[in-house]
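A.B. asks: Here the protein sequences line up with chains E and Z, keeping their order.
Quick note on numbering: the first sequence equals residues 22 to 347 in our numbering.
Quick note on numbering: the second sequence equals residues 22 to 347 in our numbering.
Calculated from the structure, these hints are not laboratory results.
Ideal Cβ positions, reconstructed from N, Cα and C, are used throughout, including at glycine.
All the pointers check out, no bait thrown in.
With beta-carbon atoms standing in for the labels, derived distance ranges: (1) E:L30 with Z:A46: 45 to 51 Å; (2) E:E185 with Z:Q27: 49 to 55 Å; (3) E:E183 with Z:L179: 55 to 61 Å; (4) E:D306 with Z:P87: 55 to 61 Å; (5) Z:A344 with E:E185: 48 to 54 Å; (6) Z:N214 with E:Q27: 57 to 63 Å; (7) Z:I115 with E:E85: 54 to 60 Å.
Which chain Z residues face chain E? A few, computed with CB under 8 Å, are given here: (8) V55; (9) V110; (10) A128; (11) T130; (12) L133; (13) D136; (14) A140; (15) L143; (16) M158; (17) T162; (18) L173; (19) H174.
Number of protein chains: 2
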Amino acid sequence: MNSLKQRILSAVKNDLLQIEKELAANLNPHLELVKQVAGHLLFAGGKRLRPLLMVLAAKTCGYEEPSVYRYSTIFEYLHAATLLHDDLVDGGSIRRGQPAAHTVWDAPTAVLTGDFLLARSLSIAAGAGIPAMIDVMANITENMSQGEIQQLHNRGSLDMTETEYYTVIERKTAVLFQGACRSGALIAGADRNCQQALARYGYHLGMAFQMADDLLDYTQTEQNTGKLPGADLREGKLTLPVIAALSQAGEADYQVMRRIVSSSGFSEQDFRTLIEYLHNCGGIDYTRQKAGEHVNMAKEALHTLNTAPAVTIMEDIADYALARKI
Amino acid sequence: MNSLKQRILSAVKNDLLQIEKELAANLNPHLELVKQVAGHLLFAGGKRLRPLLMVLAAKTCGYEEPSVYRYSTIFEYLHAATLLHDDLVDGGSIRRGQPAAHTVWDAPTAVLTGDFLLARSLSIAAGAGIPAMIDVMANITENMSQGEIQQLHNRGSLDMTETEYYTVIERKTAVLFQGACRSGALIAGADRNCQQALARYGYHLGMAFQMADDLLDYTQTEQNTGKLPGADLREGKLTLPVIAALSQAGEADYQVMRRIVSSSGFSEQDFRTLIEYLHNCGGIDYTRQKAGEHVNMAKEALHTLNTAPAVTIMEDIADYALARKI
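Put together the whole structure using the sequences plus the hints.
C.D. replies: Given below as structure tokens:
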């Protein structure tokens, strides 16, 4: 474990414990089955980054009430709800190192449990009694569903542009990170400047985080990430490493990559070849550079804030978003 | 068209026009595909009963602002969202006389469009700035998802009790009707008594409406309802006409019904036989009687209110819930 990760984990150890407790306490289903299906995904060891961001954002604004942990679960339940639907949509079979819920139970159960988790997050948000937090949730859910639909219908297309890619990851990831951070400011009753700074931090962190995720799909092993490498491509999803490599490649390199990328059942050898080309044609470097720009913008957004210890942790998290191996 | 229906339709003609306008105006998707998929279901001629109930409830409380039409769309979008997910869960292939969305497009598109419609309804509700309305929505969505899961996992079971049936229809139908009526009172700023009376009306109307729906599946033709008769049974759903008939039948009759009900691929002749038995063993009458009790309780709930014209229409709607042929 590298020292950056160690430093973050030791600083947020108690926060993560509290979040974990609240995730179990607030699930609150009427039915045992819902508990099992939701729990299968929820308690398979996620990073809890989204609830943690809300907690840290609230602390940054001086809010130390323990109720923040309860409200922070909103963003993990919401995240889990979208994972349940997305795995089904993408045909993903492994999640957090375990078989995806729709393969353990069935597709209908996964759809309805996702709906339940979304409803649960809405209930908890309603309990906060802050109308602006409901606006945040509405914005997140509208963006996420449309981002996924857009990704679904770009599936298998080689024509996806860099701009279209940014729109997709903004909707499917950055808006949720942004909402978690903004909600931390809202629960703390922070002023508008503070709200906007934290929202900006969350947005850029989310962009960097998703780009790093898309990089890991070409640079890491299944052992590390709990996902099969190349999963995106197998699901017909073009991400920035490929989009950038294709657009920067000469004709010959382009044709080699195009052949691999457009065949749905590429071999392991094909995949290794593609990775080489992504490196040689600059797709990996370009993605890392763009993610790095968002890391910097996230950290810059924090500069207008005070120097609370939570701000230092949030800076570390921004660095870690790109440095991580998992 | 019978005269009760005629009377209702002529009294709410303008309301329905306004609701229809707002449904088109507020859909507001970023993507053309979402518009098509959502529109396929939304504009295939639903009864618009849920938004209409909100409008009438608001009028009962003296609220005449045109913004009520915008807010009323919440309940049609929410309803459409659950139909998209439920048709997928149930494998239903026809909806409102048209092929279901998941058969025209695909399952993932139907799931995500449902998510979008839910998000849309949340956005509009957030815009009302009434926290209690968000509580209503959270309650509806939690109940509906769990009601569907419960129904899914009772599928094919002959052991479903009358009480379990009531729990399912309460969650999947009555809570939404109740929420639409309560929201009408909330938007009007009505007092607690008025809120509760309207919520009680909505609840009992919803129970009666769903029982009548479950009756129609055994008493009407596809031409009338736009759905294949016997669809519930084909999807493995036991409803009150069957539950009551099974529990009241003698051993010989029980065995005949049991054979038909437990075979997934029953013939048309089998289905006609079953309907005869449902009549002879009292399943149809019992369901009609129970639905009638809820119609009466719905109307009784209105007695504490004033004598606004909207109240008369709501009484007619309660009668029509059971009298209708479609």
